[in-house]
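Two chains, two frames, a set of hints: combine them into the complex.
Read off the chains here:
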Amino acid sequence: MGIGPSTKETTLHHMNDPMVEIVRNDKSLDLVGIAVVGSPQDNLEKFYVAKRLGILAEALGVDGVLIYAEGFGNQHIDFAAHIEELGKRGIPAVGLTFAGNGLVVENEYMEDIIDLDKAGEGMETEIVGQNCVTKKDVIKSIKILKKKMKRKGR
Amino acid sequence: MVRLSIARAKSVTMEMPEKYAQLALKNKSGEKSKNEVTPFLKEKIMRTLTWREYSVKDVKISKYTKIENNILYIDEELAGRAVNINPIVKKVTLRVIKPGERNVFVNSIMDIIPVAAKVEGKIGEGVTHFLGGMVVFLTGTDEEGRQISEFGSSHGILNEKVAFGMPGTPGNREIILNIDVVIEKGTGMERRGPLAAHQVCDWILDHIRQELKKLPPQEAIYVQEFKDVRREGRPKVLIVKELGGQGAMHEKIIMPSEPGGVRGGRSIIDLGNVPVILSPNEVRDGGIHSVT
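These protein sequence lines map, in sequence, to chains B and E.
Each residue of the first sequence is one higher than the last, beginning at 745 in our numbering.
Each residue of the second sequence is one higher than the last, beginning at 577 in our numbering.
Please note that the accuracy of each hint is not assured.
Computed list of lysine to any residue pairs in SDA-like fashion (alpha-carbon distance at most 20 angstroms, straight line) [as the list claims (entries may be wrong)]:
(1) Lys803(E) with Asn760(B)
(2) Lys771(B) with Lys618(E)
(3) Lys803(E) with Ile766(B)
(4) Lys880(B) with Gly747(E)
(5) Lys771(B) with Ala585(E)
(6) Lys618(E) with Asp770(B)
(7) Lys795(B) with Asp846(E)
Computed list of chain E residues with no C-beta within reach of chain B, every gap over 10 angstroms [unchecked claim]:
(8) Glu629
(9) Ile647
(10) Asp651
(11) Ala655
(12) Gly656
(13) Thr669
(14) Pro675
(15) Arg678
(16) Val680
(17) Gly709
(18) Lys737
(19) Lys761
(20) Val799
(21) Glu808
(22) Ser855
(23) Arg860
Reference listing, derived: stretches of chain E covered by chain B, where coverage requires no fewer than 3 residues with Cβ under 8 angstroms from a Cβ of chain B [stated by the list, open to error]:
(24) 681-689
(25) 695-701
(26) 813-826
Just so you know, these hints were derived from the structure itself, not from any lab.
As the structure is a prediction and not an experimental result, all values here were calculated from the model.
Ideal placement from N, C-alpha and C gives every residue a C-beta, glycine not left out.
So here's chain E without its partners, still in its complex pose (with noise of 0.2 angstroms):
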């Protein structure tokens, strides 16, 4: 019928009419095609999880935490009264950077952290707000000045000491809320250092979440829904991520109450360090805070 032989080819085209192609194909798999039909794909939904994006074009130290007209609003005093969470955390300050202004000096960056709050449901099902626009960056030093880092340190003007853009960092138009925390001297290097002033971040951004969680659902500037899904006979894929369990900045704090905070959540270190699952929609919904 027809008879085609390449020895070496780049990018070959064939055409024939339909007719003689179903044949050629019924011809070559013969026994083949029984294995090589796909199966009819089964999704099953597990959860449902409903993001509501809102964003801020400003944000300003000021003398109540609120959130209007699209400006963030942070009560100085919060600094101040963030002391009394945890004894090791002696002196707070809170400061904005804004996009164009990135060339300041920070102490060593503990994490970035981005806010959402839980409006319904708990981590990975229900509805989250999520404020866009900005960012935590949590840095910090000890008493007597030594940066809280210990193979490598981020201190220095933070232009230079952040890859923008990346998926763990904000990208050029993000404004950062720089926490900046002082702990007890010595503190650094042992797991209770980091942990209180992360726990200390934490408690100034659960101020920030009580405002975001008020926000009207029609002010949201983008509303999408993330699903768990299962497909039945599909090859099954398990992600492992192996994180740090060690303590002092190697530490996960896994599912808080709020999406990447660290209250109510429990340490992957007091975890044992055993595997735990987590579904598609926890991760994404913030249920692995990094204590890095």
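This is chain B alone, in the form it adopts within the complex (with noise of 0.2 angstroms):
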């Protein structure tokens, strides 16, 4: 696996992924789809994809946003993107990854992120599906995402 097994979601996850489940089954929750974005090589290309969300979310009409990025390291520019692009449009959203020992980039649309790290040790622990989302991550991030929503009236 690439950076790095721990963090990586194999195709099992994908198809049990209790972040789609809970939110699917949320009656209190209107979840319009699962918007896949690749993570490029190129920051250029980063930005531009991060733009296209931005886009993609506000001709949508959410109300709020719920976004995982898988991996660490340089994905985290990208997802940090993502935030500021959602966060300029007034679309609250909350994040999980891998944070690990801090995000390699930070902005002030970034107040609600959600530490994937199980084991503690805020590094790459090469087991295999140790530090992805489970439910209890996302019954925590969707009960900050309804807040967030709340105070923008939604």
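If you want it as structure tokens, here you go:
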């Protein structure tokens, strides 16, 4: 596996994804869909896709976003850019990622980030599936998102 | 009427006749009540996916591929023929790891894939057959014995290298079909190397899927319906999954022909990494394959 075994989502994970299962079954929310966005190598490309995501969320007229980023390191550059594009448009977002020893970049809109580090070591443990999204993480993030949306009047 | 003032308290219960309670609530909310009325919940069903789950109690490497009496037989020759699918793949080995035998060495784990097949319709709707009781582990090295991994490798004793029971890993009772591949030297860090391994693995799984499709509906141990619903009037939420799109173990195959498969799908890299919307059913039905 690439960067890194404990933070990568397997094909099995995508099919069982607690993020999708919990949100779709929450009768107080209207799940519009799941946007899959790639994380390119080049920084310019990262900002290109982040802008597209911002415009997409704006066009869909969503009230809130749950955003997950796989891996760590340079993938957090796009992660931060995505949240900024959403924040600029007044769309509240809650992020879930393996922050480990802190994110490489941050911005003013990244107030609610849930760290998926389960081992508490702040580093890649090389154990497959260990630092992935669990039900507990999702329930926590939905709670925060609902609060944020309420503050915005939704 | 009633006056109650509390400065600091925990778990206070108040009981009163219903008519007073109604009165009290009415007075308090006043103008607010108009906003607080929950809108009538209108659910619109967009599409339905029927999920039939079958189970195997044993997996055996055999002379033919077949599912019979809850036992999956896999043709041993598939391993030899699989190398013809992509010239980058030099060798394929099949191995069955039983639940109590996880104290064995495995090469770097490239993916964990469930076996499921479309019987009716495309990914996200229609009917899917899912084979429970087992899961596939794709592992690999290159010809020089270098593990197919980048930052941190998951090769080692299986028991120590996998957090079992997580959403992306099997539980303690699943049988593991280990498909181990050897790819051309030096291609592990190129996009084509890992991709070839996944293609070959998918080709082998296609043979199992063909058999899974034949199982009659009444033999399913569990049937579930998944519905894509929109709830008018509720806050609209979008889930975003930012996934690797840099190539060589940072790649996803979007919307393949078979659940969790490779064939028929488009790589997120070829899609330009721009956001693509999937429905909840499409994600559940294996619309994303990890080339991790």
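Structure-based check of all given hints:
1. Lys803(E) with Asn760(B): holds (15 angstroms)
2. Lys771(B) with Lys618(E): holds (10 angstroms)
3. Lys803(E) with Ile766(B): holds (13 angstroms)
4. Lys880(B) with Gly747(E): Given that 20 angstroms is the threshold and the Cα spacing comes to 18 angstroms, the pair holds.
5. Lys771(B) with Ala585(E): violated (32 angstroms)
6. Lys618(E) with Asp770(B): Judged against 20 angstroms, a Cα distance of about 14 angstroms means the pair holds.
7. Lys795(B) with Asp846(E): holds (19 angstroms)
8. Glu629: holds (12 angstroms)
9. Ile647: Given that every Cβ of chain B is farther than 10 angstroms from that of Ile647(E), nearest at about 22 angstroms, it holds.
10. Asp651: The claim holds: Asp651(E) sits with its nearest Cβ about 23 angstroms from chain B, beyond 10 angstroms.
11. Ala655: holds (21 angstroms)
12. Gly656: Gly656(E) is indeed farther than 10 angstroms from all Cβ atoms of chain B, at 25 angstroms.
13. Thr669: holds (19 angstroms)
14. Pro675: holds (16 angstroms)
15. Arg678: holds (13 angstroms)
16. Val680: holds (15 angstroms)
17. Gly709: holds (14 angstroms)
18. Lys737: violated (6 angstroms)
19. Lys761: holds (19 angstroms)
20. Val799: holds (17 angstroms)
21. Glu808: Answer for Glu808(E): violated, closest chain B Cβ roughly 7 angstroms.
22. Ser855: Nearest chain B Cβ is 6 angstroms from Ser855(E), so the label is violated.
23. Arg860: violated (6 angstroms)
24. 681-689: holds (count 6)
25. 695-701: Answer violated; 0 residues pass the 8 angstroms Cβ test.
26. 813-826: holds (count 14)
In terms of the numbered hints stated before, the structure departs from hints 5, 18, 21, 22, 23, 25, listed from lowest to highest.
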